[in-house]
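Using our numbering, the first residue of the sequence shown is number 872, and each one after it goes up by one.
It is worth saying that the hints were derived from the structure and are not from the lab.
Since we're looking at a predicted model, the values are computed, not measured.
Honestly, I wouldn't trust all of these hints.
[Claimed, not checked] Okay, the calculated beta carbon distance ranges per label pair: (1) T895 / R957: 27 to 33 Å; (2) Q944 / R892: 17 to 23 Å; (3) T934 / M884: 18 to 24 Å; (4) S886 / Y962: 31 to 37 Å; (5) Q944 / L875: 18 to 24 Å; (6) L907 / Y962: 30 to 36 Å; (7) E971 / R938: 16 to 22 Å; (8) N874 / N932: 27 to 33 Å; (9) E971 / T879: 17 to 23 Å; (10) N882 / R911: 18 to 24 Å.
[To be verified] With a Cα cut of at most 25 Å, we get these calculated SDA-like pairs of lysine to any residue: (11) K919 / T879; (12) K904 / R969; (13) K919 / P890; (14) K904 / N922; (15) K904 / E977; (16) K919 / E971; (17) K919 / T947; (18) K904 / S952; (19) K919 / V877; (20) K904 / S939; (21) K919 / E888; (22) K904 / D893; (23) K904 / F891; (24) K919 / R938; (25) K904 / L975; (26) K919 / R972; (27) K904 / R957; (28) K904 / S955; (29) K919 / T895; (30) K919 / R969; (31) K904 / E930; (32) K919 / C899; (33) K919 / L960; (34) K904 / Q944; (35) K919 / S886; (36) K919 / T909; (37) K904 / D950; (38) K904 / V877; (39) K904 / H925; (40) K904 / G873.
Built from N, CA and C at the ideal position, the CB exists for glycine as well.
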Amino acid sequence: LGNLEVLTLGNNMFSGEFPFRDVTPRLCRLDLKRNLLTGRISDSDTEKFENMVHFSVAENNFTGDVRSFFMSQNLTWLDLSGNSFRGELPYFFTNSSRIERLDLSEN
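Let the hints inform the model, and build the full structure from the sequences given.
Laid out in structure tokens, this is it:
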């Protein structure tokens, strides 16, 4: 799967911890919304997502720091809603002009 750029696995009954700790750097869109995934997502999990444009893990049971998700300067869509994330938005993000959708509700 070394050339994988888009992975959409939303609206399933997948369970377990964050399954993509070793992903291809080409991945630019990851959608895992509405599953039964759990656990902590950390900086080390997201550091390879430098080309990420669209990232959604909405409506799971993830925890972690919101700052872990601002790994890509290309990020335009970030949906972390319906989890248990916490923390503050990084300063550089508040001045970002690329973000088009940001949903942090119900955390």
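Against the structure, the hints come out as follows:
no.	hint	result
1	T895 / R957: 27 to 33 Å	holds (29 Å)
2	Q944 / R892: 17 to 23 Å	holds (22 Å)
3	T934 / M884: 18 to 24 Å	holds (20 Å)
4	S886 / Y962: 31 to 37 Å	holds (36 Å)
5	Q944 / L875: 18 to 24 Å	holds (21 Å)
6	L907 / Y962: 30 to 36 Å	holds (34 Å)
7	E971 / R938: 16 to 22 Å	holds (20 Å)
8	N874 / N932: 27 to 33 Å	holds (31 Å)
9	E971 / T879: 17 to 23 Å	holds (18 Å)
10	N882 / R911: 18 to 24 Å	holds (23 Å)
11	K919 / T879	holds (18 Å)
12	K904 / R969	holds (22 Å)
13	K919 / P890	holds (14 Å)
14	K904 / N922	holds (20 Å)
15	K904 / E977	holds (14 Å)
16	K919 / E971	holds (22 Å)
17	K919 / T947	holds (17 Å)
18	K904 / S952	holds (9 Å)
19	K919 / V877	holds (15 Å)
20	K904 / S939	holds (18 Å)
21	K919 / E888	holds (17 Å)
22	K904 / D893	holds (19 Å)
23	K904 / F891	holds (14 Å)
24	K919 / R938	holds (15 Å)
25	K904 / L975	holds (13 Å)
26	K919 / R972	holds (21 Å)
27	K904 / R957	holds (18 Å)
28	K904 / S955	holds (14 Å)
29	K919 / T895	holds (8 Å)
30	K919 / R969	holds (19 Å)
31	K904 / E930	holds (6 Å)
32	K919 / C899	holds (11 Å)
33	K919 / L960	holds (20 Å)
34	K904 / Q944	holds (22 Å)
35	K919 / S886	holds (22 Å)
36	K919 / T909	holds (20 Å)
37	K904 / D950	holds (9 Å)
38	K904 / V877	holds (14 Å)
39	K904 / H925	holds (12 Å)
40	K904 / G873	holds (23 Å)
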